[in-house]
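Peer 1: Please build the complete structure, drawing on both the sequences and the hints.
Residue numbers (the UniProt record's numbering), protein chains in the order written: chain A, 1 to 537; chain B, 1 to 335.
The hints are simulated quantities; they were obtained by calculation from the structure and are not laboratory data.
Being a predicted model, the structure only gives us computed values, none of them experimental.
One or more hints might be untrue.
[What the hints assert, rightly or not] Below 16 Å or equal to it, Euclidean Cα-Cα: the simulated EDC-like pairs (lysine to aspartate or glutamate) are: (1) A:197 with B:188; (2) A:416 with B:41; (3) A:80 with A:335; (4) A:201 with B:100; (5) B:185 with A:208; (6) A:132 with B:58.
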Amino acid sequence: MKKKLFAALCMMVISLVALAGCGGKTGEKNANAGMSGVGSVIIAMDTESEPAAGFDPIMGWAAGEHTHDPLFQSTLLITKDDITIGYDLAKEYTISPDGLTWTFKIRPDVKFTDGKPLTAKDVAFTYNQAMKQATDTDLSMLKSVEAVDDTTAVFHLNTPYSAFAYIAAVVGIVPEHAYNAATYGKNPIGSGRYILKQWDKGQQVIMEANPNYYGEKAKMKQVTIVFMSEAAAYAAAKGGQVDVAYTAPSYTVNPINGYKILAFDSVDIRGINLPCVPAGNKIAARKNGETLPAGNDVTANLAIRQAIARAVDREALVKNVLYGYGSVAYSDSVDEPWENEAMKTTYDPAKAKSILEADGWRLNADGIYEKQGLKAEFDLLYIASNSARTGIAMAVKEMLKEVGIKVNPVGSGWDKIATMAYETPHVFGAGLHSPAGIKSHYYTGKNYASYSNSAVDKHIEAALAATSVEDSYQYWKKAQWDGVSGVTPAADSPWVWLAEIKHIYFAKENLNVIDKKIHPHGYGWTIANNVDQWYWN
Amino acid sequence: MDSQACYSILKYVGKSLIKVISLLIAVSILSFILVSTSPVDPVRAYVGEVGMVNMNAESLARLEAYFGLNTPPAERYWNWFSDFVRGDMGLSLVYRQPVDEVIGVKFMNSLLLMLTAWFFSGILGFILGIIAGLYRGTWIDNLIKGYSLLIASTPTFWLALVLLMVFSVWLQLFPIGLSVPIGMKASEVTILDSIKHLVLPALTLSVIGVANIALHTREKMIDIMVEDYILFARARGKTRFSIIRHHALRNIMLPAITLQFASISEIFGGSVLVEQVFSYPGLGQAAVAAGLSGDAPLLLSIAVISAALVFTGNLIANLLYGFIDPRIRRGNMHG
Numbered sequence: 001m002k003k004k005l006f007a008a009l010c011m012m013v014i015s016l017v018a019l020a021g022c023g024g025k026t027g028e029k030n031a032n033a034g035m036s037g038v039g040s041v042i043i044a045m046d047t048e049s050e051p052a053a054g055f056d057p058i059m060g061w062a063a064g065e066h067t068h069d070p071l072f073q074s075t076l077l078i079t080k081d082d083i084t085i086g087y088d089l090a091k092e093y094t095i096s097p098d099g100l101t102w103t104f105k106i107r108p109d110v111k112f113t114d115g116k117p118l119t120a121k122d123v124a125f126t127y128n129q130a131m132k133q134a135t136d137t138d139l140s141m142l143k144s145v146e147a148v149d150d151t152t153a154v155f156h157l158n159t160p161y162s163a164f165a166y167i168a169a170v171v172g173i174v175p176e177h178a179y180n181a182a183t184y185g186k187n188p189i190g191s192g193r194y195i196l197k198q199w200d201k202g203q204q205v206i207m208e209a210n211p212n213y214y215g216e217k218a219k220m221k222q223v224t225i226v227f228m229s230e231a232a233a234y235a236a237a238k239g240g241q242v243d244v245a246y247t248a249p250s251y252t253v254n255p256i257n258g259y260k261i262l263a264f265d266s267v268d269i270r271g272i273n274l275p276c277v278p279a280g281n282k283i284a285a286r287k288n289g290e291t292l293p294a295g296n297d298v299t300a301n302l303a304i305r306q307a308i309a310r311a312v313d314r315e316a317l318v319k320n321v322l323y324g325y326g327s328v329a330y331s332d333s334v335d336e337p338w339e340n341e342a343m344k345t346t347y348d349p350a351k352a353k354s355i356l357e358a359d360g361w362r363l364n365a366d367g368i369y370e371k372q373g374l375k376a377e378f379d380l381l382y383i384a385s386n387s388a389r390t391g392i393a394m395a396v397k398e399m400l401k402e403v404g405i406k407v408n409p410v411g412s413g414w415d416k417i418a419t420m421a422y423e424t425p426h427v428f429g430a431g432l433h434s435p436a437g438i439k440s441h442y443y444t445g446k447n448y449a450s451y452s453n454s455a456v457d458k459h460i461e462a463a464l465a466a467t468s469v470e471d472s473y474q475y476w477k478k479a480q481w482d483g484v485s486g487v488t489p490a491a492d493s494p495w496v497w498l499a500e501i502k503h504i505y506f507a508k509e510n511l512n513v514i515d516k517k518i519h520p521h522g523y524g525w526t527i528a529n530n531v532d533q534w535y536w537n
Numbered sequence: 001m002d003s004q005a006c007y008s009i010l011k012y013v014g015k016s017l018i019k020v021i022s023l024l025i026a027v028s029i030l031s032f033i034l035v036s037t038s039p040v041d042p043v044r045a046y047v048g049e050v051g052m053v054n055m056n057a058e059s060l061a062r063l064e065a066y067f068g069l070n071t072p073p074a075e076r077y078w079n080w081f082s083d084f085v086r087g088d089m090g091l092s093l094v095y096r097q098p099v100d101e102v103i104g105v106k107f108m109n110s111l112l113l114m115l116t117a118w119f120f121s122g123i124l125g126f127i128l129g130i131i132a133g134l135y136r137g138t139w140i141d142n143l144i145k146g147y148s149l150l151i152a153s154t155p156t157f158w159l160a161l162v163l164l165m166v167f168s169v170w171l172q173l174f175p176i177g178l179s180v181p182i183g184m185k186a187s188e189v190t191i192l193d194s195i196k197h198l199v200l201p202a203l204t205l206s207v208i209g210v211a212n213i214a215l216h217t218r219e220k221m222i223d224i225m226v227e228d229y230i231l232f233a234r235a236r237g238k239t240r241f242s243i244i245r246h247h248a249l250r251n252i253m254l255p256a257i258t259l260q261f262a263s264i265s266e267i268f269g270g271s272v273l274v275e276q277v278f279s280y281p282g283l284g285q286a287a288v289a290a291g292l293s294g295d296a297p298l299l300l301s302i303a304v305i306s307a308a309l310v311f312t313g314n315l316i317a318n319l320l321y322g323f324i325d326p327r328i329r330r331g332n333m334h335g
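Peer 2: Shown next as structure tokens:
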């Protein structure tokens, strides 16, 4: 009897091992079957990069919080490597003097992957449909779009908005004749560099170069995107199963054989909002009447805000918190055409203290500055699940302690923070491929610092009313500092910008990853912006 | 089986149906209350940090309307409920697709995973429990017991990570995750590929599930082995195998079956964690996504379906009792 049972157990073990063994062999064979190699690449992205609603620009694909090239569709304009505006479908565009009418002339030679030509009617259809949808693509400045003829699309705006060019660089054009809201996202027909071959939901996307693409031919014929958690992506790279894997600074401590670490410049900036009005204010956060508490008695003091901007050792943040995978930042527009040099400041704790003392603040027995009974002390919110933000909050606390300002870091989730951040400073992540960020941080109204300055507002209005995007850059710069007033650390200092976070990836050593365009906030599809130009040695 | 027994079973099933319907309604109401009082604001979750800063009030208001935040909760629930009863599970807010389509894809993946794990954990646990009980106090009993106690206190996700490290990263025998090979066209994927991707997640779930059943079966086995009728059978010179086959099996099966069918809920819960680790696109992942983004229609449907699944498991266990132990069947007739 004993023997029989043992025999049965042994059989089970053997069959399990055999199953494992045969599985292994086919795995190796598959890996060599040309999925990865010349003309083909596998990229691991985080699970949130998978567009839940599919690859439908009308539902927000490629636009919204994390912008990137839509790949399957073409856009009217593009952002060039230096984040100025270039042309894709549009041959030219003109803005009427009042800024309310944009006229795009589009190329006549573009065809969708189903062979039908792309005309201005498709452009009008795409935008008119997208306007009606509730997505995170902000098209509220648009009134309507009409196609005058096959190659002319006229956009009517509610309000002048020169930054619209940056929206036109991410909204992909869909074919009116083949658009079905229920199915398009799964099976997009576009005119872009790639065709969606297969989408295994929750797992991977396989795309192939569009043979009839009107632009430069793609070197990378097949691109596979797999969606994995950070740990799984690391394991997949370690197992050699992906060619490029996104990662975080802490993983780079253990490099992977055969892989190099790539660190891409980004405008993914961390900064802290400093509410400029005293506590007790309210902000109308919602259309349905909900208001949120706004304002902070301590940061409402100009001297405090100016002192904080100088008291943070940004170099040390980059070195110690970001493991060197970052750079110092003084605005959320690093290396973008509208960046203003005047935003820069120096690390100078002595100066920070003298600013406070000149404003009447005196050190108390605990080494904290006080003025008329008000202690220089405030909470600092951060998203607790994010290691870099946690590190930044803790480091800022230590650095400000040196200059007599007490910071109490409070970790929480984004949902809660979004409602608390109007009254409590928060370690924000920001940075766009669009100057619109300047409006959202400094224009009177909804901004998290409750900042309001009529001179700054005027420059922002002038920037939006500019009749060309290139012309608008000077006004965006002036909104930050015009020689008299602005939001620089030496002036109103409503936000303190700290550091740029590099986007880092493991990539196979013999793969040439082309990436000249600065990444915006958020990992994800931006890595694939130039994937058509990548090549293997 | 006579007609009266048949009738009693039908009556039992009918009663159970009424029970399950009221249970499902309760589950859906409770889930709905949880979703609507949860701190997750679907608009903020959907738009994200940069979006909240950059979007203007008009666009946000449109999103609020889309997520139904301006509709009173009772009305929202009633809308969902009346649609659901008519067979329309509604539109997933995040996936922007009918919920049944979203669930359909995920459910098939999960079902395969859970069934495999459930089957293996049941069989293995049962056999190991019998062996341990039979050879109580010997080294093999200690081995099985020790293993079961160790596994019972092992977190599922941790075991999943260990298996992933050993078999995928070091030995490279199995893929890192997903349910299909990376970069392969659907038409080229073979059944063997699918099995290969299933092995590690299913193994994790099975290994974890074994412990409970093995330990309980062992206890029951020990209890039974000292019963008089076993002693009598031994005295008649019956072999161990024959004793188990004819005298013990029916008795030890009852707790095993209860546990096995009750373990559906555990397997379901475990699959959520395992699916996260192995990037396996199942119902668990969908539930996590729905919860984190405040996607009420999707979450409600998943809750109802999983509750139905667990209930069905228990119902099957109750029905099986009747077949295995005639005394229970007769008891039902009168009750």
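Peer 1: Confirm or reject each hint.
Peer 2: Do the hints match the structure? See the list:
no. : hint             : verdict
1   : A:197 with B:188 : holds (13 Å)
2   : A:416 with B:41  : holds (9 Å)
3   : A:80 with A:335  : holds (13 Å)
4   : A:201 with B:100 : holds (14 Å)
5   : B:185 with A:208 : holds (11 Å)
6   : A:132 with B:58  : holds (12 Å)
In summary, this structure violates none of the numbered hints.
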